[in-house]
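*Asks:* So the chains spell out like this:
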Amino acid sequence: MLTITELTAGYGPITALRGVTLTAEQGRITAVLGANGAGKTTLLRTISGLHRSTSGSVTLDGSTVTRVPAEKMPALGMSHVPEGRGVITELTVEENLRLGGLARGRVKADDLNRIYSLFPPLDERRHVAAATLSGGERQMLVIGRALMARPTLLLLDEPSLGLAPRIVTQIFELLKGLVDNEGLTVLLVEQNARSALSVADHGIVLNLGQVVADDSAATLAADDQLRHAYLGF
Amino acid sequence: MLQFTNTALAGLVLGMIFAAFALALVLIWRSTRILNFAQAPMAVLTTYIALVMIEDGRPYWLAFVVALLAGLVLGAVLERVVIRPVEGKPDINAVILTLGLFIVFKSGAEVIFGTKLRTYPPTFGIRGIEIGDTTIGITTSDFFTIGAVIATLVLLVALFRFTDLGLKMRAAANNQEVAGLLGVKVGAMLTLGWALAAVVGSLSGLLIAAGGLVQPSYMDSIVVFGFIAAVIGGLESPAGAVVGGLLLGFSLSFVSGYLSAQLVALVALGILMTVLTLRPGGLFTATQGRRV
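Here the protein sequences come in this chain order: Z and R. Taking this note's numbering, the leading residue of the first sequence gets 59, the next gets one more, and so forth. Taking this note's numbering, the leading residue of the second sequence gets 48, the next gets one more, and so forth.
Don't take each hint at face value.
Listed next, the in silico PhoX-like pairs over lysine-lysine satisfying Cα-Cα at most 25 Å (straight line) [what the hints assert, rightly or not]: (1) Z/130 / R/153; (2) R/163 / R/153; (3) R/232 / Z/166; (4) R/136 / R/232; (5) Z/166 / Z/130.
Pair ranges (Cβ atoms, derived) [stated by the list, open to error]: (6) R/232 / Z/228: 46 to 52 Å; (7) R/201 / Z/224: 43 to 49 Å; (8) R/50 / Z/183: 40 to 46 Å; (9) Z/164 / R/124: 27 to 33 Å; (10) R/325 / Z/186: 23 to 29 Å.
Since the hints were made in silico from the structure, they are not lab data. Where a beta carbon is used, it is the ideal one built from N, C-alpha and C, also for glycine.
Chain R extracted, bound-state conformation:
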């Protein structure tokens, strides 16, 4: 029973981390129809900014906030300077571009911060919670991770569902020309979409780093699972990203806990193929095809 509980809790935390990364991908896909392969190294850069501040003795949460703000600026600047020129060009241009950014940012991080493993302090305690005289496999840091991802999801859904700004962002994402004719500043909405995505990406980087070891490639193992989570969820819906992340997190945790850790990648592929076979648009897609 304890093993089952601990495996489930580990799956929950893992799923939330996948979800945070998937949320960042979904935000960019929604607003610009681009898959941002550079999401991971962007998050690495902002996490290192926080780490350097902490190592310099600055307050932990100040560093945390600065990293998020750095993500906001990085996302906005990238969209304006690098992505804007390929807007409206064939989709493959943007894909190649973000792959190129992946390499540039990752190499940049290696040059600036070195490849040495460094310790990133945890957000809160890393001791398991004690219930009676058993210690279960979830920590206060894990609670923070779960809470932060849920709060992010709630804020994003509220933004898109209930605010005028969110409505304009959705309109700009779905039909740029019509949105422009209705007075929506489409360019500003796309920049904002990238900026928000980069903030969420930075959050995922910080959550993964906290309480562990950091080097410029520390996000690499998350990238594939984050992408799978986003695709399972349908790439369109923030809720889908979280459900996709949790589905993947629980499955992988149980596979590695009860079967073998070697099978994890295979099972992830299996889940992806099953979902896409049964629902080609992903679990949370609203429309089965786009009529233009």
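So here's chain Z without its partners, still in its complex pose:
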């Protein structure tokens, strides 16, 4: 379970997060929604230690991880899949996956096989340079790579970006399966609010760095006023 209390962060004089408080329940998908510039990406980057918070705290499964450097997070059970996917294109598919597993010290063949069975398209292309993968395959690769570290919390930044709706549905269904079967906690940042709310259990709406709504996904999706004002559908 991830708990964030009064988190504030910014870039120089600009404040991007203003006292954000939220909880991502264990074994649930929590969606963070909002327009461009709402602070969604900054929120994930601050949680995972890529960006320094100015105040507030982040707690993962009971231990405080505020301002822990990003490179220590995988070992603490947090995996962050950044926006724009972050495939290391010069490495092969398998090298990308192995890299994800190194956070646990050694790469286990079982872990690799698990990812290949979750994402069959990757299995066929193990030794191909990741640069040749399609957008959907790249998204599978970065999620698979994050799972190689066996995280308890997965931070996903805009996984639907630039993907065909069919692929988005496929990836979201797979996430749902992981959450239901393995108790994974997911914090999902999305601009595609409709898709995100269809898969999420809980939703949080950010506007200009502040939480303006925090409710179950079904309630948020049914709130016409909120949808028109912040979610654009």
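With the hints as your guide, set chain R onto chain Z.
*Replies:* This is chain R only, laid out in the frame that chain Z set:
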């Protein structure tokens, strides 16, 4: 026939020396996207350390190893202290910085060791190998040079291709942020990249010095050709550096052996321009453009 053989052998040895220098440049470029102009004077410093030890009567190979270790420490310290502050700043900052280091180290070597020419003893014999009753233009020292460079290449390729450490280094080189998110200690990988490069640079300095005369500017003639070899090879790939070095070594040896030694620099420029026109990324580049 003998002239042809000897010219080819001279080209091979020359190419291996270029390759060693190019390998050091490639290692730093791969890990930090910086062209290290200070590579040559760094190698001069470590070679002088070995030379002073030998002149003091210490064992030859002990001096050799100490010079390599000195390179390791020098590379690591430089990255930590001097290069780290300009990481993430505009590329030109690092370029100016390494050019400045070039001047500092070279002047430093002149102040400490003087500009007098000194003899560096050869690694092994410097007599040509005799086959039947003809003596061909390759010595046991040359065999050592060739073997040392090939061994270095094999070790580096094995490191990057087959080990977890090599995988982390490649990840840190290609995408620092993503590598960090996956738990790679990016800073340590960059330091290690510089340290390894400086070891290989020191090796090239020792190989060039052995059996010849040394003064603080003795590497200067190699620098330009080493850079050309690295660029021909694509700057990314250790194998490319060796192929680039050999291509340049053979070409230059044949030009100076059969045409004129005056043409060497011109031909090197010609090769560089031809390769970059046909393959702008160099011979061994994996990607034609980097998508970020």
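*Asks:* Let me make sure I understand: some of the numbered hints might not hold for this structure. Which ones are they, in numerical order?
*Replies:* 1, 6, 8
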